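J.: Chains as they are written, first to last, in full-length UniProt numbering: chain A, 1 to 468; chain B, 1 to 1113.
Bear in mind the hints are in silico, worked out from the structure with no lab data behind them.
Predicted, not measured: the structure shown is a model, and the values here were computed from it.
Backbone N, C-alpha and C define an ideal beta-carbon position, used for all residues, glycine too.
All the given hints hold, so there is nothing to weed out.
30 angstroms max Cα-Cα, derived BS3-like pairs, lysine-lysine:
#1 B:Lys372 with A:Lys321
#2 A:Lys313 with B:Lys376
#3 A:Lys428 with B:Lys376
#4 A:Lys323 with B:Lys376
#5 B:Lys1085 with B:Lys1014
#6 A:Lys321 with B:Lys376
#7 A:Lys320 with B:Lys401
#8 B:Lys453 with A:Lys98
#9 B:Lys376 with A:Lys320
#10 A:Lys98 with B:Lys401
#11 B:Lys376 with A:Lys441
#12 A:Lys323 with B:Lys373
#13 B:Lys453 with A:Lys321
#14 B:Lys636 with B:Lys579
A short, non-exhaustive set of chain B residues, derived as facing chain A with CB atoms under 7 angstroms:
#15 Arg127
#16 Trp230
#17 Cys417
As a plain string of letters, each chain reads:
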Amino acid sequence: MPDITNPIVNSEIKKLPLTWLEYSSSKLNLKHEQVKPKSRTRTQSQICASLPEMLQCIFLLSDSGEVMLEKQLTGHRVDRSICAWFWDQSISQGETFKSLSVIASPTHYLFQIVRDGITFLACSQVEMPPLMAIEFLCRVADVLSDYLGGLNEDLIKDNFIIVYELLDEMIDNGFPLTTEPSILREMIAPPNLVSKMLSVVTGNASNVSDTLPSGAGSCVPWRPTDPKYSSNEVYVELAEEMDAIVNRDGELVKCEIYGEVQINSQLSGFPDLTLSFANPSILEDMRFHPCVRFRPWESHQVLSFVPPDGEFKLMSYRVKKLKNTPVYVKPQITSDSGTCRISVLVGIRSDPGKAIESITLSFQLPHCVSSADLSSNHGTVTILSNKTCTWTIGRIPKDKTPCLSGTLTLETGLGRLYVFPTFKLGFKIMGIALSGLRIEKLDFQTLPPRLYKGFRAQTRAGEFDVRL
Amino acid sequence: MFNQFGSTAETLSKASAVVLRIGTDAHLYDDPEDVNIAPLLDSKFESEKCEALKRLLALIAQGFDVSNFFPQVVKNVASQSSEVKKLVYLYLLQYAEKRPNEALLSINYFQKDLGDPNPLVRAWALRTMAGIRLHDIAPLALAAVSKGARDPAVYVRKCAANALPKLHDLRLEEHAPAIEELVGMLLNDHSPGVVGAAAAAFTSICPNNFKLIRKNYKKLCQILPDVEEWGQILLIGTLLRYVVARHGLVRESLMLSLNGMDTNGFCEKDDLVRDLTLDKEDGGKSDSFDVNLVNAVSKCYIEGPDEYLSRSSCPDTVTSGFDSKETTSIAHNEDVKILLQCTSPLLWSNNSAVVLAAAGVQWIMAPLEDVKKIVKPLLFLLRSSSASKYVVLCNILVFAKAAPSLFAPHFENFFICSSDAYQVKAHKLEMLSLIATASSISSILREFEDYIKDPDRRFAADTIAAIGLCAKRLPTIPTTCLDGLLALVRQENFAGNLEFVDGEAGVLVQAVMSIQTIIERDPHSHEKVIIQLFRSLDSIKVAAARATIIWMVGVYCSLGPIIPRMLTTLTKYLAWSFKSEAPETKLQILNTTAKVLLSAEVDDFQILKRIMVYMLELGECDLSYDIRDRTRLLKKLLSYKLASHEPAEDSVASQENIAVHVVEHIFGKKLKPFTPLALNNKFFLPGSLSHIVLHAAPGYEPLPKPCSFVFEEHDQLLNLNRQREAGAELDGSQESSETVDEDGSSDYDSESSVGSEFSSDEMMVSNDASDQAAPLIQISETSVSADQEELRSKRALDLWLDDQPSTANQTRSASNSNQSSYAKISIGDIGSRVKPKSYSLLDPGNGSGLKVDYTFLSEVSTVSPLHVCVEVLFENSSGEPILDVKLEDEESMKVADSSEQTLVGNANASYNNVPTLVPVEEISCLEARQSVKRLIQVRFHHHLLPMRLSLHYNGKKVPVKLRPDLGYLVKPFSMSIEEYLATESRLPGMFEYSRRCTFDDHVKDSRMENGKDKFLSICECITLKVLSNSNLHLVSVDLPVANTLEDATGLRIRFSSKILSSEIPLLITITVEGKCTEVLNLIVKINCEETVFGLNLLNRIANFMVEPFSLTN
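Same shape as in the complex, but just chain A (with noise of 0.2 angstroms):
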């Protein structure tokens, strides 16, 4: 017989779920009850017989909120109502709800990722995979953002043909139909200076081509058949983005490189490449552009690939637990009665052999601070009215170490500081990967003529988090 008058048992199935996962279970367990009856009134096998559609409609919405566009994917349509309760919402629950990928609202499954302001708000009402619905979002922010050179507000709604029909031709009843950035490029063409002064002048200029690409049938979609260059161009860049996290001891608790192998190819005819690396056993794990085959990876850990045209991402892999960071960054904090002095002092560590460039620090300070007066012998120091602050030391002099010092003012009645802000870092360096990632060769199957082969590397800061 449990204890009743335990007020723990009682508070803890209320208060100690820690998760969201239960939190969210209790709390959205009100609109579940709305959502389920709905279900519950058909029969199985009605169920089994109307389950065509994955998404039902897309919705764009600008940063305040306004519905820009609305693209019902299936017969079954979504009223954009939907959109005002998903406002309301993230509203009153603030950037809780913003964070939350996956929403069940009283009548439909959203799905939403904001990228650079538009919010992008997927509906479905039944089972499907998440993540493909997250993943096909993102896919459709980076086609529409690669189109029209960015993304706002204006260049949605100044655009919003281009949007429709690119839509049209990513989805067709909801399931995904053409993604490949290379084809969609050919079936409908990016807005560009000419188009656009060919408009004004003519009033005429259709951008829907009217034949379909050769890739969109082909065994290997992501390459238009037969790209004719006069030159042979092919540019392999490592990508590096370094997370680490430095805790309150000054320890290095995490440290690991996040890398991409980037390749601009401009490559006639029907190219097979083969990228080897040095050392592939530094990776931890990777992912691959679909144009990689397996087998070769499996076997003896080279790429053999045919390219797509242009850029794209070949893959991506992690090298974890390295030792250290080319940056290091010493806060000190002291407090007492009322106000605090910390100082920052920010210096290489380890000299990658290549300059760090654009060092940056940023910090958030803490809610309890009124005030504060910072300043730095090096750099430019701003803080903003959200009390984000940053500090844009640029290179490194030679001559000294910046520093970056001042007072806090707590609010009245607070001693001493009690929670303490994240430094996060930012840095660049050219022509090095810190992961130690060495490409051997790139060989052609057939080499074509007037061949030009580029290597470069690069490493920037990524979640590279200095704690107090």
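Since the structure of chain A is already known, use the hints to place chain B on it.
T.: Same frame as chain A, now just chain B:
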């Protein structure tokens, strides 16, 4: 002056903005209605049309309804410009369902586009046509899709595959087999792009039709890596379902290996597990896998969590393992091996959904030692977009719950970044507390220390809860944790007024609760900690935290040597502070004091009793209802205690004894270790939406039951059986139809021509005739037979094809000189062999022995021209009599009165008021083995949709569906060949539709071998088939005479009819092509003003012509 400059700069920037927006469609979006759109749509310039359409789309984008432009837009579907076409399609799909009649106008253009040499045009037309979603055009769309499915262009085939779910969504049950067949065909396509789309269609149309998969299973596995990513996601799921349904789960897999452990093969399995745990550094066996949880997970996958949970309430069944027959072993099963092989490279996919789907397969099917290869790819997914991170974490959490050892070495991956969203942070915390091991806990705790100082206090509170969980799981660390937590509590006290700070209270409460959780495990060794907490009571101000500590006073009041001595002081303090406490704390103080009083020693009893009395007095006049109630309750319960003078003094009265027991039960019980309720024991398949929202989303299906899909040998056997049954049924139905004829003959009217409208004696005669294999079709030049036939044909079958038999031989037709080389023939008593097809309304299996079949009659209804006569045969195949059999329209039940009115009154005044079903008289009793027929007249709401009826018998009500047969929604319309040709010439062009189909009944017809004329038997077969399936009048049969005997090309059969509802004439011409002895190609042509009806009937005819031959003899 500066102002001027400023304004100039402003205008300049405005100007530049305008320049930038030139050439875009910005102005169209901003002011879509600043010009009149309608005239632009009618413009002859493509560019103006284009602009108008863009404006309409802008209005759609902004949420306006512009469907009133529909007719004008539809006209533009014929445009040659691809952009106009695309825009029109976009518009059309938005509104087609709203404006069905206008949408039909576009069909012809789609038909034309479907034949376009440009694959893109074909694909667009196909996509749009299938997307229009109108029942009327569904047969056309289906025809277009099945053509598209054979298109040479991959892209078109892919679009065809995508179009199948659209058609399926219209729920045209008569087309369902055709659609499934197309899915099967497309799954077998050699192009990976098509297979992907077909897999999607399969998932949505017939996810359990594993027969389609079985045929192609190996091929699908091989093609899987080449399928495009979206198709891969669904194909992986389909293959997994198939393998489970076919072979069951794998014995070596995680799902089962632990399941069977306690019953058989204990040692062997145990070794396996230990192997796995050994290479995971350390951690006891209990850490590596949670047996019960794995068991629950696998059951949930198979049965669906709701079913599982409801079942698990009865404890016996929970432990029952899977039947060993329902499992398979990877060593012996090729299918499983291939599945695992082909999905494992997909763990490297760029698409996170593919990775997760592949990981799901490995998780469920892979042998225990291979499961760990999903770990790194899954962890890599955490580096992808923040939106997918959350979903991935939700999935990893379940994996980690069931098998923490998999993820234990990778704990750093779950360290929290400042940029993570709150939910992600919370999930990561839960992961860390799940997978912490003795070796990693120190690093994890150090991380936790950092998190406690995070500005997000909700997160800090969660961290503290996680510390509590870690301490609970790992026996070695509680002391470390407790020190830290106590320091935290003290520090929070120190800060004094922190409770006013946002979220800080939560941290403190959580800290106290975590301490309590740790103490609970072993209160005796933590006595000092408890005392410390009691001491801090003075400085802790947060009500919830105080309440928890006070509760602990009550629970641990007799623990160890020190605490009992503190009790009087403590209770005094509590009594003193009672007035200023929050309600929840007050309640706890009351409870605690009661508990303390009960366990009090002799020395303190009097003091405690006084305190209790004091507190009860205070509580009785509290402002809160709850507290007053609780006080009264306690007062009553404790009255015996309060009256006594010694704690151990037993009251004598038995009445009061009960109170003692009650009190003992409520307050005296020692605390039982609290086992966390399994709140979250609902598990859904990895990667599913249901898993994220934690309820079964509509359409969620657990894995199929293991081995529910029978082996192929069995399958074939079944097929054989089914065929045999079908044959038996066929015999039965023929018998029954004969009884129908005999009984119902008096009802028949012999006015209408073809069909079964002979009087019964004629029927018998003709049956005899056919038994004697008399020539049924005779060349009309044999005038003797012609005369004989004439008698009958005048009355029944107007089979004389020409009124001048003497000239027939001359092969001349007055109206058509170019078709002169045809003989005219008469077909004999074919009507006798026409057996209307009977459909089943109720299966005896479902109807507890009542079997109901129905047959369409060729009679014309007497109620109204909208009604169709249907004969319903009720047959009792059970041994018991069935009472009160009655057939009713579902809707008329609601308005029973009105139906009677209309029956009597104005039958033809307004068809809308006519009942949909003219009720039949009730059959009061149907004896065993008795069969009774009833004639009903039905008005179908739509010529394609079934009508819902309810069948009553034995007091039960069963919903049944009466499907219309298009062939009987027409009535025979007698006309001569000249009239026929004249009518035909009036209905050219858009009123004429034709379709090809094949016909092979004559090949199977045994009479062919009897040396009979081939042409004649072909004619006979075709006519028989047509007349058996529809209510038509046979006008003429043209035979090609000039051609060789083997070649049937040119044979032409004409039928005429009128549509029942509208009296519009409808002409059907069937032209034959091909060799007599081979399968023939038929061209069926329909001329009718009512095009939609005509098209549907055309498809119906084409469908039944290819149906297997079953109705002769």
